[in-house]
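Q: Sequence:
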Amino acid sequence: MPLTIGEVFDQLPGRLRPEAADGLERTLQWQLTDLDPGVWAVEIKDGVARLIPGGVEEPDTTFTTTSEIWLAIAEGQQDAMKAFMAGKMKVEGDMTLALRVPELFDTEA
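So for the sequence shown, full-length UniProt numbering puts the first residue at 1; every next one is plus one.
Since the hints were derived computationally from the structure, they do not count as laboratory data. Values in this document were obtained by computation on a predicted structure and should not be read as measured data. Quick reminder that beta carbons are idealized off the backbone N, C-alpha and C, glycines included. Please note that the accuracy of each hint is not assured.
[To be verified] Derived pair list, reagent style DSSO-like, types lysine-lysine, alpha-carbon separation capped at 30 Å:
| # | residue 1 | residue 2 |
| --- | --- | --- |
| 1 | K45 | K82 |
| 2 | K45 | K90 |
| 3 | K45 | K88 |
[Said to hold, decoys possible] What follows is a set of in silico ranges between Cβ atoms, one per label pair, in the way DEER data are often shown:
| # | residue 1 | residue 2 | range |
| --- | --- | --- | --- |
| 4 | V39 | L3 | 15 to 21 Å |
| 5 | G87 | K45 | 30 to 36 Å |
| 6 | D46 | A86 | 33 to 39 Å |
| 7 | T96 | P2 | 27 to 33 Å |
| 8 | K90 | E25 | 21 to 27 Å |
| 9 | L99 | P18 | 16 to 22 Å |
| 10 | D94 | G47 | 26 to 32 Å |
| 11 | K82 | T33 | 16 to 22 Å |
Throw the hints in and build the complete structure from the sequences for me.
A: Here it is as C-alpha cells:
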C-alpha cells in the first residue's frame, strides 16, 4: 500500500544521511497543492533533521509541487531535477541547497 503524504514526511527526518548533513544548518520546506495540500518543513541542524508540520516563515529553500509528484520523488520513482525542468515543481530560495537534497536523504521506501 502506498504511503500517504503525512507518512512520507513523518519518515523524512529518519532518512537524513548524517554524514551528508554534517555542518549544515538549513530549513527545507515543501508546499503541496492538490489532493492532499499542506506545508511541511524539515530543519537540519547538528546532523539531525526535525519535521515541522505547517512549515516555517522563512525557510532557506521551498519546493512547491503536487502531492502526486512529491510522492513519486520521495519514493525514487521521479527524478526531482526532471520534475523541476519540466515545470512540475517550483523551487524558491537557496538553489544550491535544493540541489543537495538527493544526497541528504535516502529515497528508498
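Q: In ascending order, which of the hints set out earlier in this document are inconsistent with the structure?
A: 10
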